[in-house]
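Undergrad: These protein sequences, in sequence, are chains A and B. Residue numbers for the first sequence follow this note's numbering, so the first one is 72 and each next one is one higher. Residue numbers for the second sequence follow this note's numbering, so the first one is 13 and each next one is one higher.
Hints are computed from structural coordinates only; laboratory data are not their basis. Any given hint could be a false lead.
[As the list claims (entries may be wrong)] Below, a sample of chain A positions facing chain B; criterion: calculated Cβ distance under 7 Å:
1) 106
2) 110
3) 111
4) 115
5) 186
6) 188
7) 200
8) 228
9) 229
10) 249
11) 455
[What the hints assert, rightly or not] Far from chain A, by Cβ distances over 12 Å, these chain B residues were calculated:
12) 98
13) 120
14) 139
15) 140
16) 148
17) 185
18) 201
19) 243
20) 264
[As the list claims (entries may be wrong)] Listed next, with one range per pair, are the computed distances between beta-carbon atoms:
21) A:306 / B:47: 48 to 54 Å
22) B:40 / A:78: 50 to 56 Å
23) B:32 / A:380: 54 to 60 Å
24) B:218 / A:364: 21 to 27 Å
25) A:323 / B:76: 26 to 32 Å
Cβ coordinates follow ideal geometry from the N, Cα and C atoms, glycine included.
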Amino acid sequence: MSDRARRGYPVTAWSTVNSLGTSTAEVISSLRRGRASLMPPPLGAPIETVCGVVDSDLPALPKELERFDSRNSRFVQQALVEISTALDAARERWGAARVGICVGSSTAAMDKIENAYNIHAETGSLPSGFDVFLSGSFDGLVQTLRALTGLEGPATAISNACASSGKAFASARRWLDAGVVDAVLVGGADSLCQITLRGFRSLGLLSGEPTRPFSSQRRGINIGEGAAFALLERSGEGPRLLGAGESGDAHHMTTPDPDGRGAQRSMEAAISDAGVSAIEIDYVNAHGTGTAFNDAMEARAIRATLGAQADPIVVSTKGYVGHTLGAAGAIEAVFVLESLQNGWVPGSVGADPLDPEIGLNVPTTAVDADIRVALSNSFAFGGSNVSLVFGAPE
Amino acid sequence: MKPVYVRGLGFWTPGFASPEAWCRGEPDPSVDVPDAALLSGPLRRRATGLTRVAVEVLQQAIRTLDCDVATIPIIWATAHGEHTNAIKILGMMRSGEGKLSPTHFHNSVHNTASGYASIALGNCSPSTTVTGGVELVASSFLEAVCHLEAAAEDAVVVLADEPLQPPFHYSEGASPLALAFGLSSRSEGAGAVLTDFRRDVIAPVKPRDRFGPLYVGGGLPLLERIVLRRPGTVALEVASERAGPIHCVDLELLET
């Protein structure tokens with residue numbers, strides 16, 4: 072790696088909550104064992120599919136924050152518990168005003184808005200205490216994070232559909248580059264809701280079976296939910312965020328450019344920003360939604376970006392937790408950080424039998440590997456693409 | 013941080029189709045639907061009301077920015093996003109229509125306007141949609157400023173929101189509001205320059221009755237003072253329960 076690449080920004084702590092568990096250790100243990108966690112949705116939707124459901128009763132927010140309480144904010148609270156010591160240390164080290172918050176979400180607490188709407192339709196009144204600004208909106212998400220962390224730097228929510236939290240990393244990197252902050256709590260959160268499930272069904276993209284990214288038998292997406300956070304600091308120990316690249320397809324609202332040019336541009340921009348060469352990419356955590364179209368497009372774009380000389384391990388982790396939408400970039404970043412820290416890569420569950428057209432090295436079981444540089448992709452409605460490059464601890 | 017030059021502005025609300033008309037207080041009753049000519053026929057037919065107002069002010073701001081529209085980063089800011097469309101979808105689900113149309117669904121994401129505009133302009137830039145509450149306007153400027161600090165020569169901030177719809181209405185009868193700022197590292201042709209984005213103890217922006225509590229209204233004083241040539245420190249936050257310093261910026265005027 073070049074000197075430029077060595078600079079990066081260390082990720083000094085991270086955590087996640089998703090269908091594999093409510094602690095990072097639980098999640099990573101399941102990932103390592105190749106145990107997917109997908110089940111029928113709990114929302115009463117008349118839809119035959121399976122989802123990555125957080126199937127645990129998480130604690131409500133404290134009394135003084137109850138106006139922000141939602142399924143989404145409980146994911147956030149749970150994920151923050153594990154990194155609270157690191158956050159305290161960052162606040163002490165840099166000062167609360169020099170630590171920012173950048174969080175991505177696609178729907179925030181839309182499930183709570185759906186519920187309030189239905190109660191209003193049945194009773195003529197919104198639920199007692201319901202406030203669409205505070206408990207159902209992105210403002211509520213930001214305020215929850217401020218209240219739970221005591222951080223006083225810039226606080227932004229990004230909502231670029233399924234690229235939201237990946238783009239939060241890109242923005243956080245720019246904040247650090249510009250000297251606006253010395254550390255950023257970056258992450259994402261999304262919870263299951265009816266609009267999402269019915270919407271993806273309307274597009275004909277939902278799979279009735281567990282999703283199988285990169286398999287010749289792939290049938291579509293499973294939707295998931297959860298949250299993940301990472302603490303980026305100007306200096307410190309840990310795997311590093313080396314670079315970020317973003318692009319737009321300028322093609323179609325829901326269908327990616329079939330030639331993968333937008334995806335290729337974001338990967339190339341991330342690799343360039345990281346100051347590494349394409350051949351150095353050891354591992355790609357793909358967007359890998361399990362639709363016929365996305366996986367073919369993404370495989371084409373990866374091959375075109377990295378070139379014939381490269382042979383990275385390519386994995387989609389959506390077979391474990393589903394597509395967690397706005398949280399996906401952050402959750403998959405945590406998976407990548409674990410790989411860089413501990414020297415292994417999860418299997419791309421469901422990929423067997425591999426679609427021969429994919430043309431990539433896709434393991435279906437976990438493999439030990441000395442991963443030095445990894446790339447993670449997130450693509451979204453509106454043709455919004457983001458790629459992140461992470462490096463192993465020095 | 014580098015100074016940020018303002019080289020383009022955009023404004024739209026019913027009755028007012030330009031920053032100058034708004035600042036002069038000269039309503040035109042014929043202004044009821046935004047032109048959004050940037051969108052081709054098929055795109056315009058599918059676009060939501062929020063997307064149309066956002067695209068309208070974008071095209072106003074880039075008119076004088078003299079930029080490469082294919083590469084310029086565009087920062088979209090909206091607190092409620094496609095709330096009006098989401099309420100329609102909830103009604104459809106409730107009434108048993110069940111299946112949504114793909115258009116209704118893809119028009120429900122916060123970055124809907126960004127998607128439509130990128131297709132219309134052939135814009136492949138790293139555009140971002142920021143959302144939130146009282147810090148929304150400051151967040152959008154932060155994104156743009158960081159792009160300018162990095163590699164971008166120009167960037168546009170588009171602020172757009174519609175009043176919340178029943179049963180969630182906070183501001184029945186309020187108007188949609190959209191404003192845009194064409195920002196640049198280049199001083200040529202700029203009428204104003206922004207320096208020292210910070211938090212300070214100054215009075216926040218008072219909500220206007222016409223727009224209710226729309227957070228994007230936090231950008232109104234900046235636009236008005238640029239048009240009316242009134243320099244000084246300008247607040248970027250609407251009044252809220254939040255105590256302490258608020259986001260603001262220094263505005264200086266330039267000879268054009």
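Undergrad: It remains to establish, for every hint, whether it holds in the given structure.
TA: Structure-based check of all given hints:
Contact between residue 106 of chain A and chain B, as hinted, is not supported at the beta carbon level, the nearest pair being about 32 Å apart and thus beyond 7 Å. Violation of the interface hint for residue 110 of chain A is found here, the shortest Cβ-Cβ separation to chain B being roughly 22 Å, above the 7 Å cut-off. Evaluation of the residue 111 of chain A hint against chain B yields a violated restraint, the C-beta minimum of about 18 Å exceeding 7 Å. For residue 115 of chain A, the shortest C-beta to C-beta distance to chain B is roughly 11 Å, which exceeds 7 Å, and the interface hint is violated.
At its closest, the beta carbon of residue 186 of chain A sits 10 Å from a beta carbon of chain B; the interface hint therefore is violated under the 7 Å criterion. Restraint check, residue 188 of chain A versus chain B: the minimum CB separation of about 5 Å is within 7 Å; hint holds. This hint is violated: residue 200 of chain A has a C-beta 14 Å from the nearest C-beta of chain B, more than the 7 Å allowed. Checking residue 228 of chain A against chain B by beta carbon gives a least distance of about 5 Å; that is within 7 Å, so the hint holds.
Taking 7 Å as the C-beta contact cut-off toward chain B, the hint placing residue 229 of chain A at the interface holds, the least distance being around 6 Å. With its C-beta approaching chain B no nearer than about 4 Å, residue 249 of chain A sits inside the 7 Å limit, and its interface hint holds. Because the smallest distance between the Cβ of residue 455 of chain A and any Cβ of chain B comes to about 6 Å, under 7 Å, the interface hint for this residue holds. The Cβ of residue 98 of chain B does not lie farther than 12 Å from every Cβ of chain A; its closest approach is about 7 Å, which violates its non-interface assignment.
Not every C-beta of chain A lies more than 12 Å from that of residue 120 of chain B, the closest at about 6 Å, which undercuts listing it as non-interface. Look at residue 139 of chain B: its CB is around 6 Å from the nearest CB on chain A, not clear of 12 Å, so calling it non-interface is violated. For residue 140 of chain B, the condition that its CB be more than 12 Å from all CB atoms of chain A is violated, with the nearest at approximately 6 Å. Chain A draws residue 148 of chain B into its interface by the beta-carbon criterion, the shortest separation being 8 Å against a cut-off of 12 Å.
Listed as outside the interface, residue 185 of chain B is consistent with that label: its C-beta sits roughly 18 Å from the nearest C-beta of chain A, beyond the 12 Å cut-off. No beta-carbon of chain A is positioned within 12 Å of the beta-carbon of residue 201 of chain B; the least distance is around 25 Å. At roughly 24 Å, the least C-beta separation between residue 243 of chain B and chain A is larger than 12 Å, which holds for a residue marked as non-interface. The claim that residue 264 of chain B is not at the interface with chain A holds, since no C-beta of that chain comes within 12 Å of its own (minimum 21 Å).
The supplied range of 48 to 54 Å is met by residue 306 of chain A and residue 47 of chain B, whose beta-carbon atoms lie about 51 Å from each other. Under the hint 50 to 56 Å, the C-beta atoms of residue 40 of chain B and residue 78 of chain A, about 54 Å apart, fit the expected range. Hint check: residue 32 of chain B to residue 380 of chain A, Cβ distance near 58 Å, so the stated range 54 to 60 Å holds. Hint check: residue 218 of chain B to residue 364 of chain A, Cβ distance near 50 Å, so the stated range 21 to 27 Å is violated.
A hinted range of 26 to 32 Å for the beta carbons of residue 323 of chain A and residue 76 of chain B is consistent with their spacing of about 30 Å.
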